[in-house]
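Undergrad: Residue numbers (our numbering), protein chains in the order written: chain W, 44 to 373; chain S, 44 to 373.
Please keep in mind that the hints were generated in silico from the structure rather than gathered at the bench. Because the structure is a prediction, the values reported are computed rather than measured. Backbone N, C-alpha and C fix where the C-beta goes; we use that ideal spot for every residue, glycine too. Careful: at least some of the hints might be erroneous.
Cross-link-like lysine to any residue pairs, in silico, SDA-like; alpha carbons within 20 Å at most [to be verified]: (1) K279/S <-> G302/W; (2) K279/S <-> D298/W; (3) K279/S <-> N299/W.
Computed far set for chain W versus chain S, every beta-carbon distance over 10 Å [claimed, not checked]: (4) G51; (5) M62; (6) E64; (7) L65; (8) D69; (9) H90; (10) E116; (11) C126; (12) R133; (13) R205; (14) G226; (15) L255; (16) D258; (17) E334; (18) R347.
In case you want the letters, here they are:
Number of protein chains: 2
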Amino acid sequence: MKALVYTGTQSLDFRDEPMPELQATDSLVRIEASGICGSDMHAWHGHDARRIPPMILGHELAGRIEGGPRDGERVAINPLVSCGHCRDCRAGLPNLCASRDLLGLGRAGGYAEHIAAPTANLLSIPDQLNAVHASLMEPTAVSLHAIHLAERVLNRPISECRTLVIGGGAIGALAALILEQKGARQISIAETSSFRRNSLKAMCAAQVYDPLSKDVPSGNHFELVIDAVGSGATRKAASELVRTGGVISHIGLQDNQEGLDTRRITLQEITFIGNYTYNQTDLQASLDLLEDGSIGSLDWVETRPLSEGAQAFVDIHEARTPAPKIVLIP
Amino acid sequence: MKALVYTGTQSLDFRDEPMPELQATDSLVRIEASGICGSDMHAWHGHDARRIPPMILGHELAGRIEGGPRDGERVAINPLVSCGHCRDCRAGLPNLCASRDLLGLGRAGGYAEHIAAPTANLLSIPDQLNAVHASLMEPTAVSLHAIHLAERVLNRPISECRTLVIGGGAIGALAALILEQKGARQISIAETSSFRRNSLKAMCAAQVYDPLSKDVPSGNHFELVIDAVGSGATRKAASELVRTGGVISHIGLQDNQEGLDTRRITLQEITFIGNYTYNQTDLQASLDLLEDGSIGSLDWVETRPLSEGAQAFVDIHEARTPAPKIVLIP
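Excised from the complex, chain W in its bound form:
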């Protein structure tokens, strides 16, 4: 099969690879759509010690089962592979499984014509949803999961909260769309790229601003701040901008630098929530949201042939593409 292989820092090779080998619990899926995630970019930059070249990246996947009892079924793939029998898996928290892995991380991902995926991880795609939009299930579930955890802690519902999303990549943009669907009182997005600010303004009703400009919100304002970057600088901003008694929802993993103001967090009784991926319910709820149009038309997704995937990575790196999401089509 053809595959886009990550061969080293800033290097991708579109070439022939052997067909994936199936384990007894796997199904073969012909990939129809495979999104580029910030963590794939992170690996491409050589910054992810867990993704070791040569390997096939890609974990935002939709396609069609080939063979077996579900032959021909259209499926979105849950890329999180967990053991299924530990305390956390049995508690419905497979994202906390100590032996968790991810397709496109420890196992081969989906920048390819085919993938071997655990059959239990294949979710049926609703008829009305095309494969490109179904591949958004995974990043949508990341944002939905984080917002759900925050909702358990917020003193009042999202519909009464002023909210800020730091970082307008796909996770941030999807978070803003979900907040809009939930009727948040205010939605702001902090995004440094002018390209991205323009596309964010077109795709949602949020107030989009440049955090490096002088025209930024005053501190102590937002009941909920979602940090979809996860750097020292964004944690510092989140610490200042979150309102007394509010919540910082932390999704990004850009660096582990200092930034969080634990003194203000303590004196102002703020809650800081770490988020990692999703569970089955988040994935199913994301398919529902994508299918029924609740988070808009999704026409902001850009598609490119898998064979031109290497250039897509370069364009994202050089901030030459306004779309918050590029999906590769084998």
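With chain W fixed as given, assemble chain S onto it according to the hints.
TA: The following block gives chain S in isolation, referenced to the frame of chain W:
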């Protein structure tokens, strides 16, 4: 009246002071018991910019109303003074009031024979509870409030959790006693002072250990870690010791140094909760706990005359007293 006046770094003067002036909303209270808090020690060390000498410290107070319609009533004092009419006060969150103050911080405290306290802040002491034990209402409410906030976030009840308290001062000791009352699966206390470790072993069923020794718990173990110190070192320890999916409850304000591992917190989906003081319900619930013996005999409290209060501060500073709490009696 006689008062113990904080006159400068490591300096306290027991001397005559004018009687407090009452505002229309205040009552005069004759102090019968006034505990020494870690934050009073912090001020005495010259490390609290909010407590400016000369002033009367002390905010863990019980006494008897003198004058007015409630003359003679035995009361414990809620030292948190809030405006009562802002959004947070009206929401039942007076601890988040932007204009909050504390007796013994911005206003005169209770290391004195009398204090002027807002009448609305005076809670009736149950008959069976003596003044010394009633003065524990305030620190008990700090611990109870933090545990309550953590309970809202924990995936399972305290009774199914392994818990760690970092710091065995009064807040930590009271937290351990409350966790014991709630039936926690395991309670450990990390305390560097051997004096305190011995008294902690006598007062509760916790496993008490020296975090500076080699015999410390392994990482990723405790569903709940209560950091009752709040230093870079304790946040680092909390980050390591908290179990995947668990909660760090942060009460202390020792420093704002780096220490929190936001990467682990994110990848392991940990929640970090900042805590500041309490609300009226926490205070009332604390009086209930203290009265009905739920958290033990309270015979670990040491009392000293207010006139000898300066020496008590020195003894605490030099770690020459095993008691987690010294209460001064005017």
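Undergrad: Next step is simple, just say for each hint if it's right about the structure.
TA: Hints, verified against the model:
A C-alpha spacing of about 15 Å is found between K279/S and G302/W, which places the hinted pair at or below 20 Å, so the restraint holds. Simply put, K279/S and D298/W have alpha-carbon atoms about 17 Å apart, close enough for the 20 Å limit, and the pair holds. For the proposed pair K279/S and N299/W, the alpha carbon gap of about 13 Å is at most 20 Å, so the pair holds. Residue-level check passed: G51/W sits 24 Å from the nearest beta carbon of chain S, beyond 10 Å.
Residue-level check passed: M62/W sits 32 Å from the nearest beta carbon of chain S, beyond 10 Å. The Cβ of E64/W sits about 29 Å from the closest Cβ of chain S, beyond the 10 Å cut-off, so the non-interface label holds. For L65/W, the requirement that its beta carbon stay farther than 10 Å from each beta carbon of chain S is met, with the minimum near 29 Å. Against chain S, the non-interface label of D69/W holds: every CB pair exceeds 10 Å, the least being about 26 Å.
Listed as a non-interface residue, H90/W keeps its Cβ farther than 10 Å from every Cβ of chain S; the least gap is roughly 13 Å. In this structure E116/W is separated from chain S by more than 10 Å, as the shortest Cβ-Cβ distance comes to about 31 Å. No beta-carbon of chain S comes within 10 Å of the beta-carbon of C126/W; the shortest separation is about 13 Å. At roughly 12 Å, the least C-beta separation between R133/W and chain S is larger than 10 Å, which holds for a residue marked as non-interface.
A cut-off of 10 Å between C-beta atoms confirms that R205/W is not in contact with chain S; the least separation is 12 Å. Separation of G226/W from chain S is adequate, the least Cβ-Cβ distance of about 20 Å exceeding the 10 Å criterion. Consistency note on L255/W: stated as away from chain S, and its beta-carbon is indeed over 10 Å from all of that chain's, at 22 Å minimum. Once the 10 Å rule is applied to beta carbons, D258/W is consistent with being away from chain S; the minimum gap is 24 Å.
Look at E334/W: its CB is around 27 Å from the nearest CB on chain S, clear of 10 Å, so calling it non-interface holds up. Under the 10 Å C-beta cut-off, the non-interface status given to R347/W relative to chain S holds; the minimum distance is some 30 Å.
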